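Order-wise, the sequence lines are chains A and B. Mapping of the first sequence onto my numbering: position 31 corresponds to residue 275, and the numbering continues sequentially without gaps. Mapping of the second sequence onto my numbering: position 36 corresponds to residue 202, and the numbering continues sequentially without gaps.
These aren't lab readings, by the way, just hints derived from the structure by calculation. Note that the coordinates shown come from a computational prediction; the quantities given were computed from them, not determined experimentally. Please note that the accuracy of each hint is not assured.
What the hints assert, rightly or not - To be clear about the criterion: a stretch of chain B counts as covered by chain A if any three or more of its residues have a C-beta under 8 Å from a C-beta of chain A, and this derived list gives those stretches:
no., segment
1, 174 to 187
2, 216 to 223
3, 230 to 238
4, 247 to 260
All C-beta atoms, glycine included, are put in the ideal place defined by N, C-alpha and C.
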Amino acid sequence: MGGINLAARPAGVEFEGTVFRLENPERVATTFDAHAGNIAADHRYSGPGLGAIYGATAPETALAEIEHYGLTAGRVSVSKQVSLGNVLDLTNSGVRGELGVTLEQITGDSYATTHQLGNLARSNGYNGILAPSARYPGGSNLVIFP
Amino acid sequence: MSDLDVLITEYPGDAAWRNFVEVFQPAWVERPDKEKFTSTIGDTDLAVVLAGTLDGHASSWFERPIGALKGRSPREVLREYPNGEFALRTLVMRMSK
Chain A
245 MGGINLAARP
255 AGVEFEGTVF
265 RLENPERVAT
275 TFDAHAGNIA
285 ADHRYSGPGL
295 GAIYGATAPE
305 TALAEIEHYG
315 LTAGRVSVSK
325 QVSLGNVLDL
335 TNSGVRGELG
345 VTLEQITGDS
355 YATTHQLGNL
365 ARSNGYNGIL
375 APSARYPGGS
385 NLVIFP
Chain B
167 MSDLDVLITE
177 YPGDAAWRNF
187 VEVFQPAWVE
197 RPDKEKFTST
207 IGDTDLAVVL
217 AGTLDGHASS
227 WFERPIGALK
237 GRSPREVLRE
247 YPNGEFALRT
257 LVMRMSK
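If we strip away everything but chain B, and leave its shape as in the complex, we get:
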């Protein structure tokens, strides 16, 4: 099983993901720069979480190869890998301490 497959098969589920996104919603609603994140990241829920956890580093993180993604960038995984959105959801839930 590849690293990405583990992230996909161990996705905690939509309910847990929704709860996680909700934590960052209040700060997201107040942000004047939402467009900056949504235009780069595309997926709105991911944008909400990444803006809340990485703030100004979110866009560059999204484009960079990541060890946890076996050298792929989050953008590559989201756009090119089947079920990549579930891999990314699991990843961001794991990396936000």
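One chain only, chain A, in its complex shape:
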């Protein structure tokens, strides 16, 4: 398997829908903000210093994402209606093919490929990424760049 095709520019898509998160009750108000903790964290498509908002496109996916880390205690479900243009759709196998990445590469435990993809998407002007969930097969997450 070669590296990412850095010259690829798959057409962005329009995302219109509801995204879900499970959050501590006292942080519900800021859960969709790129706050300091979000920016300093190390997320799948956004390494430290970048920040991005992650929301699952279905409640069961949101649950699976935090169950993996043992974080369900005390969490409440929060949702938000989102309309976002020019989204890099990595749930589309054709797009992954254009970029030269596999589903396994972007849903595995390593963030090496996904950090590269996140940086590539930002630098190429996409507003976010629709990504397959690593924790809920068939599920997806919307990553919104701040």
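Got chain A; can you put chain B on it based on the hints?
Chain B in isolation, oriented as in the chain A frame:
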């Protein structure tokens, strides 16, 4: 490569970790119950982050088997696994959204 090895090899580095811990320092300084977290968790930086992210659930989380740690508890990883502190640092930086 095991899951833990990925967490260790992809540790974002001390500078990124320090920046991350600093986010939670102001709230930590104000806490009257620091001892509760440091006595359970041991590692002060981890205690600062876990108190800030998990609050009252931090101690029970630290003792419980975690899927992301392949069924090990954070305590086990920190105390018994070589370079376990780097695995835990990476884990908490990944899980705090």
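Hints, one by one, checked against the model:
For the segment 174 to 187 of chain B, the proposed coverage by chain A is satisfied: 5 residues have a C-beta within less than 8 Å of a C-beta in that chain, meeting the threshold of three. With 6 residues having a Cβ less than 8 Å from any Cβ of chain A, the segment 216 to 223 of chain B passes the three-residue criterion, so the hint holds. Counting residues of the segment 230 to 238 of chain B whose C-beta sits closer than 8 Å to any C-beta of chain A gives 5, which meets the bar of three, so the coverage hint holds. For the segment 247 to 260 of chain B, the stated coverage by chain A holds: 4 residues have a C-beta nearer than 8 Å to a C-beta of that chain, and at least 3 were required.
When the structure is compared with the earlier hints, no violation turns up for any of them.
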